[in-house]
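Novice: Using the sequences and the hints, build the whole thing.
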Amino acid sequence: MGYKVHSVDGKGGEVDLSHVRTYSKEVRVAAGTAGTYQLCKVPAATNIIAVRAYRTGGTGGTVQVKHGAQDVLASPMATSTDAWAGNTTVQNAACVVGDNISVVLASPAGTPTEILVQVDFRTAVPA
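All residue numbers for the sequence shown refer to our numbering, where the first residue is 145 and numbers rise by one.
Just so you know, the hints here were simulated from the structure itself, not pulled from any lab data. Glycine is no exception: its CB is placed at the ideal position from the N, C-alpha and C atoms. Among the clues, some could well be false.
Below, simulated DSBU-like cross-link-like pairs (lysine-lysine); rule was C-alpha separation at most 30 Å, straight line [unchecked claim]: (1) K185 - K210; (2) K185 - K169; (3) K210 - K169.
Derived CB-CB ranges, DEER-like [to be verified]: (4) V240 - T166: 15 to 23 Å; (5) S251 - A189: 27 to 35 Å; (6) A222 - A268: 15 to 23 Å; (7) T255 - R165: 33 to 41 Å; (8) S224 - S168: 29 to 37 Å; (9) S168 - T200: 16 to 24 Å; (10) G204 - Q235: 22 to 30 Å; (11) P187 - A213: 34 to 42 Å; (12) T200 - N231: 25 to 33 Å; (13) A189 - G254: 34 to 42 Å.
Specialist: See below:
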């Protein structure tokens with residue numbers, strides 16, 4: 145809940161005074177090629193809260209997210225053809241400034257044309 149404000153030019157709006165922010169980072173891999181892809185270097189202390197994946201075409205493939213060398217998902221998440229798959233049960237979720245987050249794509253089958261992986265974060269400071 146924010147406060148109503150009016151700017152000098154008379155336009156109204158709201159100011160969000162909460163300190164918690166949620167943001168997402170995505171990696172898009174054309175041709176759904178297996179491998180490890182760097183997602184981001186964490187800009188502020190944060191927690192990973194969810195992992196989602198979307199596969200276009202093909203018949204299979206799995207996704208794992210790494211926090212440094214540690215797995216974020218207890219086991220690799222299977223992707224679905226032309227649909228979102230998601231998991232909000234994560235481990236090794238607490239990140240500090242500078243931690244490396246990467247995505248590992250494995251076992252692509254049926255030549256997927258693209259895989260999109262989204263990692264959601266929650267932080268107590270604006271990202």
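Novice: All hints are to be evaluated individually against the structure, with a verdict given for each.
Specialist: Here is how each hint holds up against the structure:
1. K185 - K210: 12 Å, holds
2. K185 - K169: 10 Å, holds
3. K210 - K169: 14 Å, holds
4. V240 - T166: 15 to 23 Å: 18 Å, holds
5. S251 - A189: 27 to 35 Å: 34 Å, holds
6. A222 - A268: 15 to 23 Å: 33 Å, violated
7. T255 - R165: 33 to 41 Å: 38 Å, holds
8. S224 - S168: 29 to 37 Å: 19 Å, violated
9. S168 - T200: 16 to 24 Å: 19 Å, holds
10. G204 - Q235: 22 to 30 Å: For G204 and Q235 the Cβ distance comes to about 24 Å; the hint holds.
11. P187 - A213: 34 to 42 Å: 20 Å, violated
12. T200 - N231: 25 to 33 Å: 19 Å, violated
13. A189 - G254: 34 to 42 Å: Holds - the Cβ-Cβ distance for A189 and G254, about 40 Å, lies within 34 to 42 Å.
Violated hints, listed in ascending order, are 6, 8, 11, 12; each of the other numbered hints is respected by the structure.
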